[in-house]
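Chains X and G supply the protein sequences, listed in that same order.
FYI, the numbering for the first sequence is 49 to 443, going by this note's numbering.
FYI, the numbering for the second sequence is 18 to 373, going by this note's numbering.
Treat the hints with caution; some may be incorrect.
Claimed, not checked - Result set (DSSO-like, lysine-lysine): computed pairs, CA atoms no more than 27 Å apart in a straight line:
1. G:K19 x X:K323
2. X:K141 x G:K362
3. G:K122 x X:K238
4. G:K61 x G:K204
5. X:K162 x G:K111
6. X:K318 x X:K162
7. X:K173 x G:K203
8. G:K111 x X:K173
9. X:K238 x X:K285
10. G:K362 x G:K298
11. G:K204 x X:K173
12. G:K122 x X:K162
13. X:K173 x G:K122
14. X:K173 x G:K362
15. G:K61 x G:K32
16. G:K291 x X:K196
17. G:K19 x G:K203
18. X:K52 x X:K323
19. X:K52 x G:K19
20. X:K221 x G:K19
21. G:K332 x G:K32
22. G:K291 x X:K102
23. G:K111 x X:K238
24. X:K196 x G:K32
Worth flagging that the hints you see were computed from the coordinates, not collected in a lab.
Predicted, not measured: the structure shown is a model, and the values here were computed from it.
Given next are the chains, with one letter for each unit.
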Amino acid sequence: MPPKVYVTGCGMISAIGNTFAEMEESVLTGKSGIGDITLLETGYRNQLVAGEIKHTDEELAEMAGISFGPGLTRTTLLGIIAAKEALHQSRLKDPATLAFISGTTVGGMVATEKYYNDFLTNDTKNEFIESHDCGDSTERIAEFLGIKGYLSTINTACSSSANAIMLATRLIKSGRIERAVAGGTDALSKFTLNGFNTLMIVDQNLCKPFDENRNGLNLGEGAGFLVLESEKVIGEKEILCEITGYGNANDAHHQTALSPDGRGAFLSMKAALDKGGLEPGQIDYINAHGTATQNNDLSEGKAIERLFQSRIPYVSSTKSMTGHLLGAAGAIEAGISIIAMKNGCIPPNLNFSAKMKELSYSPVIEMIREISIRHIMSNSFGFGGNNTTLIFSKA
Amino acid sequence: MKVFINGIGNISPQKTWDNNLFLDEVIESDSNCLRCTEPGDYEKLIDPKLLRRMSRIIRMSYSSARICLDDAGIAAPDAIITGSGMGCLEDTEKFLLSIYENDEKFLPPTPFIQSTHNTIGAQIALMLQCTNYNVTYSQRGISFENAMTDALLLLNEPTYRHILVGGFDEMTDNQMILYNRLNYYKKVPINNLGLLNSGTPGTIAGEGNTFFILSSEKNERSYAALSGITTFNNHVDADSVSENITNFLTSHNLTFSEIDLFVAGYNGDANSDKIYYEISKRHFSASPVAAFKHLCGEYHTASAFALWMAANILKKDHIPEAVRFNPAPARSIKNILIYNHYRNKNHSLMLLSSCQ
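Isolated chain X (complex conformation) (with noise of 0.2 Å):
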């Protein structure tokens, strides 16, 4: 038997908190920390709206506690933050034989296209010409905090923490390491604010997850780390939920957009439910992916309501509160989830206020509180048809 993996720290940063334990306040409160962009330089300040972290890198810097350098970008600063808490945590005493597994997307592209023409043209920017790949951050954040272990990155776009999750959970299992930090890190960048809005995706005003009159995503930023250690060597500590069930599946229908019957995302939650030897009637909750553009909703909603038929479990998106975190969204929907596990509660879906007309259930639109949570099941969906669903259970 493979051991189980248990989640022993958590880190989280976004736009409704600096740390787990504001993060867990303002879910509680069913916060929003989506408003106007003041510290991203772009031409779209005034017309769009984003979860933007109100700090700047050097504030960042400060709160990291590493001295702000050349070549250190936002999205390394916001997963040091992350992943320091989530090892404080866990008590951890000795960080290097810990794997680190990252996701993230933006990477280095939140300097990179700030300095690009800098790049071109002289050599004042070069220690950001050498942060811009994915790799960057994962290996200045597990230098920073002495982690000698396994090293990667990964990067399926929006979906890329939960695989870091899922790939250390398997590695984990597999006996061939029995701790890692894994989660994902993520900053607000104008190259991905473009991106978005070029494909006519992102809503001026606050985003209206699974509504009949969605208009797109709001785009947000943060980081969020977990501690995951095997069984075999926990010892005596506080155990936050226990991994039960991962799965990654394909779409296979477009390069962008999710196929109208969400086919990637029904194989993706039915495999995670497989591997946790879990029934559909088990899952209290769904922490949906939800992003609000019209393809999303759509096409996630028929796959749950494929796979959970008439037992629709409790679904909510909590990208009404932080935004879309893009690489980091699998790893602060998995911290969201421990906070919805650890208080009994399921947060609300924000600014909901018509039913689809394709679905036959609505998400959950006011904090249901003091419920029993066995297990959650996780939704992270990215670009080129990336599913992968996580469960987090009750240890």
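Chain X is fixed; fit chain G onto it per the hints.
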């Protein structure tokens, strides 16, 4: 656990797309950047309607994957796993420049859509209508090794029998400017065939699209058995690399003398080649040593080219003259060790053995 390389596809700076050939002829260049030599008959591999819309890297990587699947006789793999240091660089640059040039207005969406690292894996899945596991790794000089490690993990499970694993990276004119700024490359033009003896700092750029079918079972098409892979990621000296290699071989019950060919990532940079020279001297002074980056250039997933070369050497039982790095007499080859490092930060070891 042993897995088998049962199919290969490689579009690289050399004429490697035809699996019947094996470096019989070598392409020379003094541009300090080895670009891929593309097959002239893409229409045999890709629907011409799709071909016109494809970016260069998608065209090359998809074709390489197609050649690989055909080579292995596999219609659809049980998983598609890719690794790339820089992803789809040309599309990324295109979209970035369009933001600058058009002041964030009326941008063409296609380069953004194709800019994500998992575009290649996704396009392959789309064309094969393959809904199976599909993940992309991007960890600089071990991006390909991370993909391989995942494939080995999957092959431990009975549901996975044949996995498509690939490494890809492309070089662009702009990226040459950027990396030249960082002094990655030679300051004066150098012929790639003379690269490894240059004695000066810097290397030359390269690119490649190299795919493999890794299978849990051996068959008549098998090239080689892959027995192990490991990575380490710190600035290290030769002592530390030596210790890592010793531990790696010990864990596979092998001694240095049982390695019949040492493939090392020499890239002609007098500084970073020191580790390879030291390891060769210490452990492989009487064994044949081979090099490959004078043929493909330096890039994040160059180790995939090394694996392609080593697998072919085992299957064909022949070391091409062009890759021999020392005069040690060739012997019958059973085990090959590949050691590669990227900027003395990302190190990897891969162990292959003959299927016989």
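Hint-by-hint comparison with the structure:
Taken as a hint, the K19 of chain G and K323 of chain X pair is honoured in the structure, with Cα atoms around 25 Å apart against an allowance of 27 Å. About 25 Å separates the Cα atoms of K141 of chain X and K362 of chain G, which keeps this hinted pair within 27 Å; it holds. With a CA separation close to 12 Å, the supplied pair K122 of chain G and K238 of chain X stays within the 27 Å bound. A C-alpha spacing of about 40 Å is found between K61 of chain G and K204 of chain G, which places the hinted pair above 27 Å, so the restraint is violated.
For a cut-off of 27 Å, the pair hint linking K162 of chain X to K111 of chain G stands: about 15 Å separates their Cα positions. Annotation: proposed proximity of K318 of chain X to K162 of chain X is violated, straight-line Cα distance about 42 Å (limit 27 Å). Using a Cα cut-off of 27 Å, the hinted pair K173 of chain X and K203 of chain G holds, with the two alpha carbons roughly 21 Å apart. Between the alpha carbons of K111 of chain G and K173 of chain X the distance comes to roughly 20 Å, so the proposed pair stays at or under 27 Å and holds.
Among the hinted pairs, K238 of chain X with K285 of chain X is inconsistent with the structure: their alpha-carbon atoms are about 42 Å apart, more than 27 Å. Of the pairs offered as hints, the one joining K362 of chain G and K298 of chain G holds, with about 21 Å between alpha carbons and a cut-off of 27 Å not exceeded. With a C-alpha separation of about 20 Å, the suggested pair K204 of chain G and K173 of chain X falls inside the 27 Å cut-off, and the hint holds. Proximity of K122 of chain G to K162 of chain X is assessed by CA-CA distance (about 17 Å); at most 27 Å being required, the pair is judged to hold.
Taken as a hint, the K173 of chain X and K122 of chain G pair is honoured in the structure, with Cα atoms around 26 Å apart against an allowance of 27 Å. About 22 Å separates the Cα atoms of K173 of chain X and K362 of chain G, which keeps this hinted pair within 27 Å; it holds. For the hint linking K61 of chain G to K32 of chain G, the alpha-carbon distance of about 17 Å falls within 27 Å, and the restraint holds. A threshold of 27 Å between alpha carbons decides the hint, and for K291 of chain G with K196 of chain X the separation of about 23 Å falls inside it, so the pair holds.
At roughly 40 Å between alpha-carbon atoms, K19 of chain G and K203 of chain G are farther apart than 27 Å, so this suggested pair is violated. Using a Cα cut-off of 27 Å, the hinted pair K52 of chain X and K323 of chain X holds, with the two alpha carbons roughly 12 Å apart. Only pairs whose Cα atoms come within 27 Å are accepted, and K52 of chain X paired with K19 of chain G is accepted, the gap being roughly 26 Å. Straight-line distance between C-alpha atoms of K221 of chain X and K19 of chain G comes to about 19 Å, which keeps the hinted pair within the 27 Å bound.
Taking the CA atoms of K332 of chain G and K32 of chain G, the gap is about 18 Å. The hint holds against a cut of 27 Å. With a C-alpha separation of about 47 Å, the suggested pairing of K291 of chain G with K102 of chain X is violated against the 27 Å cut-off. Under the criterion of a C-alpha separation no larger than 27 Å, the hint pairing K111 of chain G with K238 of chain X is consistent with the structure, at around 14 Å. Our distance criterion of 27 Å between C-alpha atoms is broken by K196 of chain X and K32 of chain G, whose separation comes to about 39 Å.
In summary, the numbered hints that this structure violates are 4, 6, 9, 17, 22, 24.
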